[in-house]
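S.K.: The lines below spell out each chain.
Number of protein chains: 4
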Amino acid sequence: MDAIERLSKIFERFPGIGPRQAGRFVQYLLRSSPALRRELADAVRELGGSVKQCSECYRFSTAEGKLCGICANPSRDKSSLAVVASDADLLALERSGTYRGKYFVLGGTISLGSEKMSGLRLQQLLDAIDERDELAEVIIAFPANPEGDATADRVRDEIVRNTTPGKQIKVTSLGRGLSTGSELEYADPETLKNALDSRR
Amino acid sequence: MDAIERLSKIFERFPGIGPRQAGRFVQYLLRSSPALRRELADAVRELGGSVKQCSECYRFSTAEGKLCGICANPSRDKSSLAVVASDADLLALERSGTYRGKYFVLGGTISLGSEKMSGLRLQQLLDAIDERDELAEVIIAFPANPEGDATADRVRDEIVRNTTPGKQIKVTSLGRGLSTGSELEYADPETLKNALDSRR
Amino acid sequence: MDAIERLSKIFERFPGIGPRQAGRFVQYLLRSSPALRRELADAVRELGGSVKQCSECYRFSTAEGKLCGICANPSRDKSSLAVVASDADLLALERSGTYRGKYFVLGGTISLGSEKMSGLRLQQLLDAIDERDELAEVIIAFPANPEGDATADRVRDEIVRNTTPGKQIKVTSLGRGLSTGSELEYADPETLKNALDSRR
Amino acid sequence: MDAIERLSKIFERFPGIGPRQAGRFVQYLLRSSPALRRELADAVRELGGSVKQCSECYRFSTAEGKLCGICANPSRDKSSLAVVASDADLLALERSGTYRGKYFVLGGTISLGSEKMSGLRLQQLLDAIDERDELAEVIIAFPANPEGDATADRVRDEIVRNTTPGKQIKVTSLGRGLSTGSELEYADPETLKNALDSRR
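Chains as they are written, first to last, in the numbering used here: chain A, 9 to 208; chain B, 9 to 208; chain C, 9 to 208; chain D, 9 to 208.
Extracted from the complex, chain A is given alone in its bound form (with noise of 0.2 Å):
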């Protein structure tokens, strides 16, 4: 297998992308001028040396510390906690500019069929929960899928099996309803159901 073989199989491996595209980013690499190639091997390479987790929330940052800019700010509410699946769910929540909280990556959802949990960070979302004592209400933010769903009532079900009795954690859900751009007829029945039930 030669270079160009050897660098579109691995781009065939990025989310989304077929041998097709793969190839066409490796003619796009060949055009390029030797100065870009270097960039992209040099900032491919300094992923793994200036990114780290966030001990914290767990998203990727390349914060100077051990917390990312969110964790490491004073001014977010340390009294809600929004679990979310992935760093760009919690970009997006945090674009959406409404809330002032703290994040929980977990890591992704359940895949159905299996139901396994390995590869999502449960444990350390329960033990971050058990030691923040200024925490109230833990958001669960997960997409509104079947794997979501699953993955939202088994999070739910350890944290209420796991906090410490007498502890009060208010446990909630994002709220479902029409989206923006929904038209009533085109609406499946289970999201009429919920925007009749949230209706305010």
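Incorrect hints may have been included.
Copies of the same chain look alike in the list, so a pair counts if it fits in one copy or across any two.
[What the hints assert, rightly or not] Only pairs whose alpha carbons sit at most 27 Å apart, straight line, appear in this in silico DSS-like list of lysine-lysine:
#1 Lys74 <-> Lys17
#2 Lys86 <-> Lys201
#3 Lys17 <-> Lys178
#4 Lys178 <-> Lys201
#5 Lys60 <-> Lys178
#6 Lys124 <-> Lys178
#7 Lys86 <-> Lys124
#8 Lys60 <-> Lys86
#9 Lys17 <-> Lys86
#10 Lys124 <-> Lys17
#11 Lys178 <-> Lys86
#12 Lys74 <-> Lys86
#13 Lys60 <-> Lys175
#14 Lys60 <-> Lys124
#15 Lys60 <-> Lys74
In case anyone wonders, no lab produced these hints; they're calculated from the structure.
Please build the complex by placing chains B, C and D on the supplied structure of chain A, with the hints as guidance.
M.R.: Same frame as chain A, now just chains B, C and D:
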């Protein structure tokens, strides 16, 4: 203009149908049996005869009397009234199987720009609200888009202004949040804000 | 089944129309004026009366006599006959503005699996070829898909087998190659092979 | 700008990749093993070292000598030269399994508006045509779009103007017509015209 073109032009006025598909409809009818064509012509003609608008909710139905099946049903909950834009939205809510109250079909939404309510049954809605003594809650159930929101604001204002003083009518709107299938990563900030606000 | 459902069921039989869009058509007609509904019913009814199949090319038309406008046109080139699957394909060729010969509508293509020619006007085609003395070329103009190709092979065989010995009829097929807009990178090998073979 | 953002910005420059997918690539690499990241960085770095442009057809390859595998292959037909826009188009023609001649990669197509040939290897093409004594046919194999057609016209003109008088070089273009899968009904008039003209 011959019969083929004339029919094609009529089909072009159907919602979502362009010249090409209109032509295919005509070709389909040309290849069909005379019996099917007769059936279609009869069914179209009969629409005008047997279908009327329910005098209470204003949806189209073929019910015998002045009321449609839902409005004639004595077991429906008279304390709540869902205001919808169209028959299709009414049927979608009905299919969701949760709502047991009454309906009112406004007949559309405001078109932005004009902000006109012309063609919408606003006065009839206000009269209905005024006349129904058992009514306690009006649920505004419009699509979650700018037109739906503008119409909701307007309807809500008018209801508040027109309600007989002393009469207690709660005006609610369908809940917003994550629709079934929504992923946080791709959700718009407005939807995430709503999902956070309506968490439970 | 009431008039709304009955009409909806008929629309569902239209090509490419599902229950949802059929329902929208009915709603559109309900909201329309009685005049439009009458116009539609009349136009459908009239199709059977004023439209006939041309006795030569078999397409549907509202021409007065037995022949459609193209077949009645004395300036069309009698030496070539384009065999097409449908009226729509005939009209597409006519719109391209290049072809000045005659047409024959076969009425469809073989459905793979069955390989049956039933419903197709093969015998009428063979008779037409046999009867027309000035005919020199039959152009097979079917879609470039497996059904079209199977029909083309079959039609070609039958023409060769049935042609009166001594009569010289050339049978050609539409050229294959790159369609407008095709990029080599995404073209299938068959198309590229054809494009190479037919280079000029 | 930290390592995450820097790498994300580089991925955004990849063809067809927006900020969102660039971010996903970085997240994928963050979750991957250090070994995969090292492999990727090495493969990118190696591209510059082991890949060179073939001195005859100008495509990128990792062949040992100055020529790529195709150009070095003595059994390829020296009498025909296919001029393509890109490596990807060359590979597509090669996959079709019909062409046994030589290639020349022009390096792109004219961008309409500017009509400039800058960046394209036109002079190298003319020199190659001039030098190769056995060459009898140049096959212009550009995409069937306005840019490809404009480039083809220009290349054809230049070849004609620059050919040593007395030398006989045929210049052809890939055939146009129905691509595999095309339906007449949806084909553009230009394609149908080409399909009729190239019928056989």
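S.K.: All the hints need checking, so say for each whether the structure fits it.
M.R.: Going down the list of hints, with the structure as the test:
| no. | hint | verdict |
| --- | --- | --- |
| 1 | Lys74 <-> Lys17 | between (34 Å within a copy, 25 Å between copies) |
| 2 | Lys86 <-> Lys201 | between (33 Å within a copy, 19 Å between copies) |
| 3 | Lys17 <-> Lys178 | neither (47 Å within a copy, 40 Å between copies) |
| 4 | Lys178 <-> Lys201 | both (24 Å within a copy, 19 Å between copies) |
| 5 | Lys60 <-> Lys178 | neither (31 Å within a copy, 52 Å between copies) |
| 6 | Lys124 <-> Lys178 | within (25 Å within a copy, 46 Å between copies) |
| 7 | Lys86 <-> Lys124 | neither (30 Å within a copy, 48 Å between copies) |
| 8 | Lys60 <-> Lys86 | within (22 Å within a copy, 57 Å between copies) |
| 9 | Lys17 <-> Lys86 | neither (44 Å within a copy, 33 Å between copies) |
| 10 | Lys124 <-> Lys17 | neither (29 Å within a copy, 35 Å between copies) |
| 11 | Lys178 <-> Lys86 | within (14 Å within a copy, 36 Å between copies) |
| 12 | Lys74 <-> Lys86 | within (18 Å within a copy, 60 Å between copies) |
| 13 | Lys60 <-> Lys175 | neither (32 Å within a copy, 61 Å between copies) |
| 14 | Lys60 <-> Lys124 | within (26 Å within a copy, 48 Å between copies) |
| 15 | Lys60 <-> Lys74 | within (8 Å within a copy, 44 Å between copies) |
Hint compliance for this structure: hints 3, 5, 7, 9, 10 and 13 are broken, all remaining hints hold.
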